[in-house]
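*Asks:* Taking the hints into account, I'd like the entire structure generated from these sequences.
Listed here are the chains, written in short residue letters.
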Amino acid sequence: MTAKKIRILYIDDERHNLYAFRAAFRIDFDILLAESADEAREILKEKEIPIIVADQRMPRETGIEFFESIKDQYPYTMRILLTGYTDIQAVISAVNVGNIFRYLQKPWNEEEIRGAVQSAFEVYDSRVQLIEKQRELEKAYVELDKFVYSASHDLRSPLMSILGIIKLARIEQDPSSTEQYFNMIEESVHRLDVFIKNIISYYKNNRIENDFSQIDFLQICKEIVEANRYQELAKDVQFEVDVQQPVSFRSDVLKLNIIFSNLISNAIKYQDPKKTDKKLWVRIQVDREGARIEIGDNGIGIALTEQENIFKMFFRATNHNFGSGIGLYIVKDAVSRLNGKIYVDSEVGRGTVFRIDLPNIQ
Amino acid sequence: MTSNFQKLPFILIDDNPLDLKINERLLLYGDLASQVKTFLNARNALDYIRTEKSPPTISVVLLDIQMPEMDGFAFLKAFNKLPELIRRHYFIFMLSSTLDDSDLQKVWMNPDALALLPKPLDFQILKSQLGKLTHS
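Protein chains in written order, with numbering that gives the first Met the number 0: chain A, 0 to 361; chain B, 0 to 135.
Take every hint as true, because none was put in to throw you off.
Pairs of lysine-lysine residues, derived as DSSO-like cross-links and limited to a Cα-Cα distance of at most 30 Å, are as follows:
(1) A:LYS145 with B:LYS20
(2) B:LYS105 with A:LYS311
(3) A:LYS166 with B:LYS36
(4) A:LYS311 with B:LYS76
(5) A:LYS274 with B:LYS20
(6) A:LYS138 with B:LYS105
(7) B:LYS20 with A:LYS234
(8) A:LYS196 with A:LYS278
Computed far set for chain A versus chain B, every beta-carbon distance over 10 Å:
(9) ASP29
(10) ASN95
(11) LEU129
(12) VAL236
(13) SER335
Hints were generated in silico from the structure; no laboratory data involved. Predicted model, so just to flag it, every value in this text is computed and none were measured. Note that the Cβ used here is the ideal one computed from N, Cα and C, for glycine as well.
*Replies:* Laid out in structure tokens, this is it:
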């Protein structure tokens, strides 16, 4: 395993300098060249550039002027200035105006450039990682806020139901209702338990790194279908499982299980009780590139206006009481952690189809 | 004040069927309601209110906050657009287990919600709220 080469954009108005730079460093680095500041701007628009090395003396726009013009738009790019003149004024403005990381002399010393590029990249890399961490932290804060909100609703509400039942049992005279109250309390306890289990499974999924292994899709589907088939809601649902897997497939089995079990149990929950031909199908096609998965049902469907919200945390699209509003959020999260994509296609009264594309991790 | 308490018709709106059942019975066994109508879906309740031909002089609405499709606040917004002739028959209270500050704030600010009642339904609180209404 060789690490990816560090990409450098070198800007100089003299063509032979450009070629000499490339010849000297192309083994160590991934070199892009620009003959002018404008040309460099075009390249910046297209590609991620960690480090720019620019010549100071160029017609129209100097290196420092160029650096100053891009520093707001590309704040993380590291800037190194090259000049053939020991021009103290250039050094001062390089530091003050252009926010230059290093100032190097021409003709360049190869070791000096390598060293400067290496340390510039270390700074760049740690900045990028910091931003990444900051993004994760922001996501965690948003989730925490949502969690507190939902603790106030979803966690508290079954408890308040139970308090209500107790109150009712106290004023109710008829002792034959007791059994009914026990059942109601049981229902509330189960509701709370499902919610807690879902939250725990989400946070587990969130913490654990991907663990790739060989995947046998047919096996996974069979197990989950078997686990769901005998529940009351599934008793007159027709299951169809069609797996075409001519090549081996690698992915994370735990996350696949989370995805399949949530989508299959949803497809059962949201069947249309009025239909006599209740159907649920799982179709999977695997090739070298990836897997295309389709999990569908002819159930109640999801209104178009609700479809954009279904993957949000704690959102429930229907009035059915089963949902905790976290299942599809977990599914979406697991799919994106496997670098996959998930799509929903649904129509009220006709049913819902989830399509997932997952890459084959080789 | 509560000795000559007058029983009123109630409308309950909650997406949780269990809570509907509990609150319906509490209102009936607690001798607070003359009759109770329940709705699992706020939109259906709104349609009922909009099209009711001969509404009782006063109905009390107990409205849950967090519901799919149309939540409690969306219901209030739609209710606010109904003609005054209809609206004046209904006294709306929010009924929720929420502890969220922004929910409390929103109820406080809403012109059509009289108060936020905590779940489970508390007779004393409800009676004193209704007492205030029938006296004014």
